[in-house]
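Whole structure, please, built from the sequences with the hints as guidance.
Taken in order, the sequence shown gives residues 108 to 526; the numbers are from the numbering used here.
Errors might be hidden in some of the hints.
[As the list claims (entries may be wrong)] Pairwise CB distance ranges (calculated):
#1 Thr208 to Glu419: 11 to 21 Å
#2 Pro370 to Pro258: 25 to 35 Å
#3 Leu212 to Ser284: 35 to 45 Å
#4 Leu122 to Leu331: 57 to 67 Å
In short, the hints are calculated from the structure, not lab data.
We put the CB at the ideal spot given by N, CA and C, even for glycine.
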Amino acid sequence: MATSPAPRLPVRPVLPVLPVLIIGSGLGGLTLAQALARHHIPFRIFERDAIRDERFQGYRIRIHQIGLDALRECLPPRAYARFEETCAMNAKPSARIDARTGQDLPGRMGANGPPPGQPTPGTPGDQRQPFISLPADRRVMREALMTDLDPPITYSKAITKYTTTPSSVTAHFADGSSAEGSLLIGADGLRSRVAAQLTGGRVEVIDLARMIFGRTPTTRDIELALHPSLRNGMALVVDPKDPHGQLNLFVEAMRFTHQGANPDYLHWVLTGIPPHFGVDDTTLLASDGSSARHFSLKATSAWDQTIRALLEHQDPRHTSVLRLTSSSPRGVVKWQTDRRVTLLGDAVHSMSPTGGSGANTALWDAQTLAHILASGVAEDGWTTDAIGEYETRMREFAGEQVTMSYQAASHGFGVKLPD
Numbered sequence: 108m109a110t111s112p113a114p115r116l117p118v119r120p121v122l123p124v125l126p127v128l129i130i131g132s133g134l135g136g137l138t139l140a141q142a143l144a145r146h147h148i149p150f151r152i153f154e155r156d157a158i159r160d161e162r163f164q165g166y167r168i169r170i171h172q173i174g175l176d177a178l179r180e181c182l183p184p185r186a187y188a189r190f191e192e193t194c195a196m197n198a199k200p201s202a203r204i205d206a207r208t209g210q211d212l213p214g215r216m217g218a219n220g221p222p223p224g225q226p227t228p229g230t231p232g233d234q235r236q237p238f239i240s241l242p243a244d245r246r247v248m249r250e251a252l253m254t255d256l257d258p259p260i261t262y263s264k265a266i267t268k269y270t271t272t273p274s275s276v277t278a279h280f281a282d283g284s285s286a287e288g289s290l291l292i293g294a295d296g297l298r299s300r301v302a303a304q305l306t307g308g309r310v311e312v313i314d315l316a317r318m319i320f321g322r323t324p325t326t327r328d329i330e331l332a333l334h335p336s337l338r339n340g341m342a343l344v345v346d347p348k349d350p351h352g353q354l355n356l357f358v359e360a361m362r363f364t365h366q367g368a369n370p371d372y373l374h375w376v377l378t379g380i381p382p383h384f385g386v387d388d389t390t391l392l393a394s395d396g397s398s399a400r401h402f403s404l405k406a407t408s409a410w411d412q413t414i415r416a417l418l419e420h421q422d423p424r425h426t427s428v429l430r431l432t433s434s435s436p437r438g439v440v441k442w443q444t445d446r447r448v449t450l451l452g453d454a455v456h457s458m459s460p461t462g463g464s465g466a467n468t469a470l471w472d473a474q475t476l477a478h479i480l481a482s483g484v485a486e487d488g489w490t491t492d493a494i495g496e497y498e499t500r501m502r503e504f505a506g507e508q509v510t511m512s513y514q515a516a517s518h519g520f521g522v523k524l525p526d
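Below, the structure written as structure tokens:
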């Protein structure tokens with residue numbers, strides 16, 4: 108009598124001889140690196156900054172369900188646990204506030220409010236399963252994503268170009284050095300050198316507005332001086348009567364419970380255009396913390412004192428001016444797929460922070476790309492079809508997120524798409 112064949116043992120995939128080269132050590136690049144490590148795919152990370160925290164990159168970031176799912180799949184358990192425990196407490200919903208009167212406005216600003224198109228979240232303040240949305244300090248989150256990362260990041264490596272051959276890709280750096288790999292990932296953020304070369308400079312970045320980021324300590328005396336809705340949770344302060352157009356202040360309380368946490372603070376973002384701040388754009392963007400503090404107070408001189416107190420007590424060491432930018436909502440740019448080079452995150456689809464989707468989409472990119480890379484590889488790398496599959500899926504998903512993010516910016520801040 109015939110016997111059933113023995114079950115086939117899983118075949119370990121062939122690994123590339125040369126590593127995957129990841130250009131950029133942001134959230135997406137680090138998540139991809141951790142996922143590759145879990146699949147035993149060799150990689151190297153190159154970062155243009157000289158040190159880990161050389162540039163200001165914002166403070167609070169909210170990780171929604173798609174981002175949490177990506178992190179759970181990509182990170183080793185210890186790194187994910189570190190990320191989870193270092194997130195801030197979820198805050199209670201707060202009201203929308205009129206900046207000049209301090210009165211509540213119709214509608215509410217939910218602390219756990221999902222990005223456009225996402226499901227309504229669960230109970231605020233609950234950080235146990237099932238997670239829906241978690242607020243994180245971006246710098247602390249990056250440190251968590253570096254947990255047990257091997258090999259570590261190579262710093263002071265600004266890419267200038269890449270070259271390809273039938274068997275490999277080489278990244279060339281500003282210091283004259285180079286690195287050879289099986290695949291190069293452009294995860295180098297806005298105005299990516301990799302994206303510029305791969306797409307022929309066709310990645311469109313729309314300049315929408317200016318943001319002054321800052322933080323204010325949460326001492327008892329400071330909190331007593333603040334509007335009650337600014338002390339806990341998330342709030343949106345709006346000034347629709349400003350002669351230069353609507354000026355907005357977004358505020359969220361960042362309160363931590365993990366051992367060794369930095370002091371709690373109030374994260375805030377003041378969004379407007381240069382005329383709001385009474386200064387030309389070049390001067391505004393070049394501002395140091397003290398100057399940015401001055402401009403934030405100048406722009407809000409007519410505001411209610413319980414709101415201005417937040418800005419008066421800010422720590423200028425943590426105040427910075429950034430551009431509010433977005434990729435075109437008309438769709439993610441297309442290019443001819445190259446089996447040796449692809450893109451991830453802001454390098455190809457930047458978003459305004461108003462939709463809360465930029466970082467989450469970068470994490471989704473990392474998860475999707477890692478899954479495809481782990482599914483099929485030869486010693487000399489991946490096929491054009493494999494890389495093309497990732498790019499097709501990325502364009503579809505990220506394109507939807509960019510559109511929703513832009514719509515949120517248009518609705519919340521009155522920004523308009525240039526003609």
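For the hint 35 to 45 Å, verify it against the beta carbon of Leu212 and that of Ser284.
For Ser284 against Leu212, whose Cβ atoms are near 55 Å apart, the range 35 to 45 Å is violated.
Beta-carbon spacing of Pro370 to Pro258 - inside the hinted bounds 25 to 35 Å or not:
Holds, since Pro370 and Pro258 (Cβ atoms, about 34 Å apart) stay within the stated range.
If you check the beta carbons of Leu122 and Leu331, does the distance land in 57 to 67 Å?
holds (60 Å)
Range agreement (Cβ of Glu419 with Cβ of Thr208, hint 11 to 21 Å)
The hinted range 11 to 21 Å holds for Thr208 and Glu419, with Cβ atoms some 18 Å apart.
Hint 3 alone, counting from the list given before, is not met by this structure.
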